[in-house]
Each structure stands twice: as C-alpha cells, then as structure tokens.
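**Student:** From first to last, the protein sequence lines stand for chains V and X.
The number in the working numbering is simply the position in the first sequence, starting from 1, with 210 added.
The number in the working numbering is simply the position in the second sequence, starting from 1, with 210 added.
The set of hints was computed from the structure by calculation and includes no laboratory data.
Heads up, a few of these hints could be off.
For chains that are exact copies, the list does not tell them apart, and a pair is met inside one copy or across any two.
Said to hold, decoys possible - Calculated cross-link-like contacts (lysine-lysine; reagent style DSS-like; alpha-carbon spacing at most 27 Å):
| # | residue 1 | residue 2 |
| --- | --- | --- |
| 1 | Lys310 | Lys409 |
| 2 | Lys399 | Lys277 |
| 3 | Lys277 | Lys397 |
| 4 | Lys252 | Lys414 |
There are 2 protein chains.
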Amino acid sequence: MIIQLALDRFSIPEAIEIASGAEAEVEWIEVGTSLIKEFGVKSIYEIKNRFPNKTIIADVKTFDNAKYEFELCFNAGADIATVMGAAPMVTIETCLEVAKKYEKKVMIDLLNTGEDNRHTIQHLQDVIVCKHISKDQQEEGDRAVWDQEKIPSYQQLAVAGGISLTSLPELNKMNPDVLIVGSAISKAKDPGQAAKEIKEAWRKLK
Amino acid sequence: MIIQLALDRFSIPEAIEIASGAEAEVEWIEVGTSLIKEFGVKSIYEIKNRFPNKTIIADVKTFDNAKYEFELCFNAGADIATVMGAAPMVTIETCLEVAKKYEKKVMIDLLNTGEDNRHTIQHLQDVIVCKHISKDQQEEGDRAVWDQEKIPSYQQLAVAGGISLTSLPELNKMNPDVLIVGSAISKAKDPGQAAKEIKEAWRKLK
Chain V
211 MIIQLALDRF
221 SIPEAIEIAS
231 GAEAEVEWIE
241 VGTSLIKEFG
251 VKSIYEIKNR
261 FPNKTIIADV
271 KTFDNAKYEF
281 ELCFNAGADI
291 ATVMGAAPMV
301 TIETCLEVAK
311 KYEKKVMIDL
321 LNTGEDNRHT
331 IQHLQDVIVC
341 KHISKDQQEE
351 GDRAVWDQEK
361 IPSYQQLAVA
371 GGISLTSLPE
381 LNKMNPDVLI
391 VGSAISKAKD
401 PGQAAKEIKE
411 AWRKLK
Chain X
211 MIIQLALDRF
221 SIPEAIEIAS
231 GAEAEVEWIE
241 VGTSLIKEFG
251 VKSIYEIKNR
261 FPNKTIIADV
271 KTFDNAKYEF
281 ELCFNAGADI
291 ATVMGAAPMV
301 TIETCLEVAK
311 KYEKKVMIDL
321 LNTGEDNRHT
331 IQHLQDVIVC
341 KHISKDQQEE
351 GDRAVWDQEK
361 IPSYQQLAVA
371 GGISLTSLPE
381 LNKMNPDVLI
391 VGSAISKAKD
401 PGQAAKEIKE
411 AWRKLK
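One chain only, chain V, in its complex shape (with noise of 0.2 Å):
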C-alpha cells in the first residue's frame, strides 16, 4: 500500500514545503515532469537531498535518449525513472539496462500506448507499470476511462489521474500497488490531513 506524492506545477521550494507537510503519510514523492522540465534535475537532487529515506520517482518520461536521461535521474538521487509505454521499444529496453545496472527501478507509463507496446510490455519483469488518466485528459475535456485489462502477477500496478477521496471506490477495483495522487494532496490547505484521509480511506477499502 504505497501512496506517491506527485508534485507538478510548484517552484521546488514550494513542492518541498508540501511534501514535508505530508511527509509521514506517503512512502513515495514524485518529481514531476513540470519540475523536471522548468527546473531541470536539481530538482530531483534537492527533493532526494531532503527526503533521503523516501523512494523518489523522477517523472522524465523518457522517449528518446534513454541512458542519457536515465543516467540523469539515477545520478541526481532518484530510485525509479519513467519511461513512456508509446515510446519505441529499444527505448523501453535501454531504460531497464540501466536501471538494472545502477539497482534502481523503472515505471512504464502505459498513457497512450499502442497494443504492440503493450502486449511487449507485459512479458517485462520487475517493473512498474502506471495506468494514467492525464492531465490533459483531464482538464481539457477528453473522455478518457480507466483501462480495467489485469496486469501480470509479476509486475507492480501504479494508477494515476486526478486521484482523490471520491475515486478511490472505484480504483481500488484494479487493485492497485500504488496510488499517485497530485492536487489531492497537494492543492489541499493542510496536505498531511489530506494524504492521511486518502490513506485511512484507502485502508478501509483493502
């Protein structure tokens, strides 16, 4: 039962004060693509520098460039990468090498992948694999749904999108390892009350 912090959208200062403010409800913090993107990887290196006892996800969402970027993030202090599941797959593969040379982990991001990607993606040991309803989806009116195909017994599930109190009844029906959730915590006015609520809620549902 792991709860993933996602930080998107904040100065890293401002996703610092945020996490430590939930810091003993969630086991995992993301470093999100938005703060990948503006800040660059110190922002992975100062969040890992301030939460060094928590599993930290760098969200690169690789596509191209994968020992580089994956290079990057390990470097910085992150312990799983992401990769994009619609990213050729000798991108995909290089990402696991990796990983697997620096003992660390990768997530496959399954947002918008083609049925050739995923039938591949499924044989994949040891990785975790993210359902994600995105942002996009999300907030410019696409009618995205939740994929319910089970995933082997030999991979972890991640689910991501727009993730709060009253979604969680239904996702929890994919049975889900981790929940990522964002603006739930995050955009709450005390988010150590708001990870705690979705923990106990989550609890309850197991």
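Mind docking chain X on chain V? Use the hints.
**Tutor:** Leaving out everything else, chain X in the frame of chain V:
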C-alpha cells in the same frame, strides 16, 4: 531550405559555443530535450538571449500538461516547441491552441505515432511535422527506416536522425523543408565548416 542545429548532451555554455561557430550557416537552433531536462527552461532562455535573431526550437517533447509546458517554452523565448505525435490528441490540440495564442509554432514529432493519431495529424493546418529516427534507434541497434509517406502540402516537413553528408541524397528524396542536424555539426572539429558543407551539398541536390 532550413538547417536546424540540434544541441543535445552539452552544458549550456558548450551548446552556445557550438552554435556560435555554426551561426552563419544554420537558420534554426534547437534546444535539445536533454538540455531542457538537465537544466530546465533556462537553457531555452539563455540560448534565445544569445541568438535573438534565430528561430529557437524547444524540443520539449510534450506528452501531457501541454498548456503549462508550452507556455514555459514560449515565455522562455522559444519560437517553436515540440509535442509527441504519440500523445493523446487532446494534448496536441492544446499545444496548437497555446501556440496560436502566442503566435508561435508547433512541431509534431512523429516518432512511434500510431495510425489513428497519424491520420488526425494529417489534417492539421500550419504545423511542422518531424519524421524522426530516434537516438536510441540509431545507437541501441533498432532497425528503423524512414517513413516515405507524403505529407500534405499545407504542412512543413522536418527530418531528424543521424543526418550527415552521406545521408543527404536519400533524405532529399523526401523533399524536406527542414533538415535537423545534430552531431554531424555539433561534434565536428569545426562546426561552422561542417554546417557549410552540409548546406552546400543540400543546395546541389535541390
């Protein structure tokens, strides 16, 4: 006839030095994905600041959070920003809206784009589409080939992927508007001379 110099896997000062050497021969300068992810949008800002009269491309490879990322790039001085053709269409459409508002342009990177999205992208007016053999496909042993499908007359075509003097004749058959060149210029002993030779060779083929 546009040469776009792609700057990747360099520090910002190195990138500026290389671009200075090739300045007279290239029309467009690309702030590569690796610069954005390593150093953030200040890489765009510093390169535009040094080359205010060049068209600056931010290769931000947006896959989600289109409004935020494209505004970051345009506010940092980019004239063109990139979105992945493999992203949800709502993301690509949001990029187009933001670019229109800022009177800037969108380059759609067709790397690993599925049939559905390709079909929809074909109908988009006033965009640059980029046929792209990725770094990982070049370096990690995949066997990608150039997609020879014609693009509509109302779109501009850019081509990217290990382009050098030797690949020019084959590429020219696609009649590209923009030739994206990376290491054949940036890793040359004399980037200016290398850019000049590529430009002259391309001119002779025209």
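**Student:** Of the hints stated earlier, which fail here?
**Tutor:** Going through the list in order, the structure violates hints 1, 4 and respects the others.
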